[in-house]
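Trainee: Sequence:
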Amino acid sequence: MLVLVIRTDRPTAELGLYQDNQKTAYKTWEAHRALAETLHKEIKALLSSAKLNLDQINGIVAFKGPGSFTGLRIGLSVANALAYGLSIPVVSADGEDWVEKGLERLKSQENEVTAMPEYGAAPHITQQRK
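Okay, so the sequence shown: first residue is 1 according to our numbering, each after it adds one.
What the hints contain is simulated information worked out from the structure, not anything from laboratory work.
Just to be clear, a hint being listed does not mean it is correct.
Per label pair, the in silico range of CB-to-CB distance [as the list claims (entries may be wrong)]: (1) 12 / 129: 34 to 42 Å; (2) 33 / 2: 14 to 22 Å; (3) 55 / 26: 19 to 27 Å; (4) 26 / 125: 34 to 42 Å; (5) 24 / 129: 15 to 23 Å; (6) 104 / 73: 39 to 47 Å; (7) 96 / 53: 29 to 37 Å; (8) 22 / 129: 51 to 59 Å.
We treat Cβ as the ideally placed atom computed from N, Cα and C, and that holds for glycine.
Could you put the whole structure together from the sequences, leaning on the hints where they help?
Mentor: Put into structure tokens, the structure is as follows:
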């Protein structure tokens, strides 16, 4: 099973490919405010460097938080969209061992269908101006 892992909760974003629970490729980059512009390009480059295509991915594991509101929103949106478009399962996980937890959940044939973030705090919503 080929799995794409995505972590976007901090300025340094991470992507990885795991084949049968073994890391085959991993990439980190300073995404900062360019995450939405670079995430798809970095996924494509990671797959290309491993001589793979999107349609070969069998599942996605995404880091769910806590972390940056915008970073988590972007990463999980991409994970959910890819999973939907490719008709593959998506799961989210947290903690230092998030990859291992997520891989185990996929191995158990879990599928969140829509992976949701955990921001670590209640949202701060500003009041609408009149």
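Trainee: Quick one: which hint numbers does this structure break? Sort them smallest to largest.
Mentor: When the structure is compared with the hints, numbers 2, 5 and 6 turn out to be violated.
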